[in-house]
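> Residue numbers (the working numbering), protein chains in the order written: chain A, 1 to 396; chain B, 397 to 565.
There could be a bad hint or two in this list.
Derived PhoX-like pairs: lysine-lysine, alpha-carbon spacing no greater than 20 Å straight-line [unchecked claim]:
(1) K450/B / K41/A
(2) K562/B / K41/A
(3) K562/B / K504/B
What the hints contain is simulated information worked out from the structure, not anything from laboratory work.
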Amino acid sequence: MNAILPVLQGAYPPSAEFIPAIVVGILFGAALEVSGFGNAKNLAGQFYFHDMRVLKVMFTAIITAAAGVAVLTSTGLLRMELIYVPDTFLIPHLVGGFVLGVGFMLSAYCPGTSIVSAASGKWDGLVTVFGVIAGSALFGELYPHIRGFYDSTAEGVLTFPKLFHLPFPVLVAVLIVAAFLAFLGTDKIEGLFAGKLSMPQGAKMTTGGKRALGALFSLGILAIIFQYTLAPRLSQVPPREVGSITAVDLARALIEEPRSLYVVDIRNASAVAAKEIIPQSIRFADIEGNVDAMYKGKTMVVYSEDGKDDLPSEITKYKGRLVVLSGGYEAWRSEIMGQPEQTYQAALRTMDSEEQKVVAAIHGSFTGAKIEAPSESAVKPAVTIMAPKKRGGGCS
Amino acid sequence: MKKPWNPYLAGVGLGLVLLLSYVWLGHGFGASGASTIIGAIGLKSIFPAHVTAKGAYLAHYFTGDGTPLNDWIIFMALGTFIGGFLSSLLGGRHKPEIVRGPHTTATKRLFLALAGGLIMGIGARIGRGCTSGQALSGGALLSVGSWIFMMAVFAGAYCTAYFVRKEWL
């Protein structure tokens, strides 16, 4: 097994999301901990109507984040398409949720809070963490038998705005009202069960809490106003920005962050020799389904033979960043694969020595050629043609 | 043992962190995905051929180069542990113990915790996420599947609550 932190190995840069993911993770863990979710009693209370803080925290967090997204998107500060929304699989979500709920009640943690609980010194939390790891691995054994079910009732990205044909902020405002009613209800229910059982009682919504909800609701209303005034004007200019990338930069990206890219070959497949492709490429003809549904936060790099071909209109529907390899495969062949050799050498001569080293290392990693004095292990070959992604969301 | 925050205040905090995650990372939280990667690595060290066999569920973790640990969700889980640890220390809630109800034994509590974790691991994979990645992160984006999942989680837990009431009450 590799070292826990690939960054310590030095040979390979960690995922580009390393810093933000760890910072967001720390804040996430702290937010769960101050919610009291490091302690099973605070979670179990939810299901015996004592302290319904699971519902209160979750619902408050959801409307806060949703109101924030509504404001940011309706003012044009954030593009909704750039946020990953998990695909909907109706029956698997229903069944998976129910199964997880049963486990949740038994251990009185969910997978995320069990990590926080273990971090707070609770042995039952640590044991739950091990259970989740074992259960996830065990699912791998179950998977071949339930594969049909697992992929059934697939709806793609299905959201309530799409379902009801209503703008996102309108539904957020509705949700905030629903949350407020639910909170009043939980405070009532807690009151009914208070003192009857030996568990701590939940915290009531204070005046401050009501004010905070009122502020959120106002934000939602503001977002609705923006949606109808500002957003139409913003959407009148829909320029499809298509950037470009050089062969060297693409090679570097393929080595450093292969998972952040889709590389799409739009050349006529039959006209191209099998070996003459950029590693990790998907042929345009092999893409199944909608290009716009492929978006998973990745950048799509498109290449033709000489970089001059028009993009197929289907490709321009891709929601994420779209870039074209300048010079096309010809540039890749000469600058990275070093064929013909003279072109490669000529390209090298225009660079300073530091750049030369990097390019030589990249050249070596894609051709397998020996490199003269590369900066030690700066680059590790990172190129097998990736199997089509079938990661089950992974809670991601 | 200090009390946790008012749940509404804590909820606003959690929501703002989720918003930060959307804006900065382009996606919400994740937790059980990290367990899957660790589980896959563990299982591979025992049955290498079985795990990487064609069509096996966990095989895709090993198709790329480099370690599957080089994934945002691993870093986020690491952060979650660090954040939980620091917050419990600062909040005076850090205490090595086995949390259990007044009428149950430590062994029974640990056994149920393990069983619950195991079942959650399976459920999270069937539902393609857990309370973090599916319910919270998809829920705030108004994903239909995430809301179905979230309702089902509460339903599953409430249906089970009666049978394990002796664990807590």
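> For the pair supplied as a hint, K562/B and K41/A, confirm whether the alpha-carbon distance does not exceed 20 Å.
The hint holds at about 13 Å.
> Below or equal to 20 Å on CA atoms is what counts here, so check K562/B against K504/B.
Distance of about 11 Å is within 20 Å: holds.
> Assess, step by step, whether the Cα of K450/B is no farther than 20 Å from the Cα of K41/A, and give holds or violated.
Given pair K450/B, K41/A is violated - Cα atoms ~43 Å apart, limit 20 Å.
The structure is inconsistent with hint 1 alone, although it conforms to all the rest.
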